[in-house]
Amino acid sequence: GENVEQHPSTLSVQEGDSAVIKCTYSDSASNYFPWYKQELGKGPQLIIDIRSNVGEKKDQRIAVTLNKTAKHFSLHITETQPEDSAVYFCAASIESASKLTFGTGTRLQVTL
Amino acid sequence: EAGVAQSPRYKIIEKRQSVAFWCNPISGHATLYWYQQILGQGPKLLIQFQNNGVVDDSQLPKDRFSAERLKGVDSTLKIQPAKLEDSAVYLCASSPQQGLGEAFFGQGTRLTVV
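From first to last, the protein sequence lines are chains A and B. All the letters of the first sequence, read from the start, carry residue numbers 57 to 168 under this note's numbering. All the letters of the second sequence, read from the start, carry residue numbers 785 to 898 under this note's numbering.
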């Protein structure tokens with residue numbers, strides 16, 4: 057089955073700096089890669105996703121890149137703000153709204 | 785629109801007891817998932833329903849876990865008997881249709897087995 061690895065496990069940045077989280081996956085059949093943000097006591101919330109026919113996608117301060125050949129994808133957050141502090145999970149699946157395999161999470165802390 | 789509703793929010797039980805969790809998905813969503821999230825880990829799929837049929841339950845420990853989705857709407861997840869290692873957050877999610885749209889998660893039920 058699919059295996060998703062995520063790095064780093066913790067990341068501390070200063071407000072205004074950029075943050076990058078990287079994931080690799082094992083199943084070449086996967087073609088849907090969402091990123092979720094999970095705040096304390098809440099369920100994961102989708103922040104951005106990308107499909108295998110696209111190499112990059114951007115939404116305001118958040119961008120995701122995908123390299124299908126190397127089987128890795130990354131989340132980029134620019135101009136970080138304290139409210140970006142949370143745990144971020146990458147995931148992979150064969151199609152959207154099907155079984156998601158999650159990474160182990162990255163705890164992002166944005167300091168003033 | 786209302787989100788995915790789960791209850792209870794918290795539950796503490798002794799090992800070998802039974803427990804049940806309830807989920808009400810977003811109205812009209814055909815696909816419903818139950819995920820288990822152990823502290824410090826990503827969610828792991830336990831079972832996926834499409835309407836009231838099971839699509840994937842390959843990671844559900846069937847000797848102690850069971851789930852049903854009567855009438856293709858609400859769902860319950862049951863553990864009997866519970867073990868210490870079942871301590872986790874149980875997340876319910878729903879999506880409009882398999883292969884279409886994103887999965888929306890509820891707030892989860894935090895289970896502690898003592």
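Just so you know, the hints here were simulated from the structure itself, not pulled from any lab data. Hints may contain errors.
Unchecked claim - Which residues of chain A face chain B? A partial, calculated answer using Cβ under 7 Å:
(1) Leu102
(2) Gly111
(3) Lys113
(4) Phe145
Quick caveat, the model's predicted, so the values are computed rather than measured. Each residue gets a CB set at the ideal place from its N, CA and C atoms; glycine is no exception.
Which earlier hints turn out false for this structure, listed by number in ascending order?
2, 3
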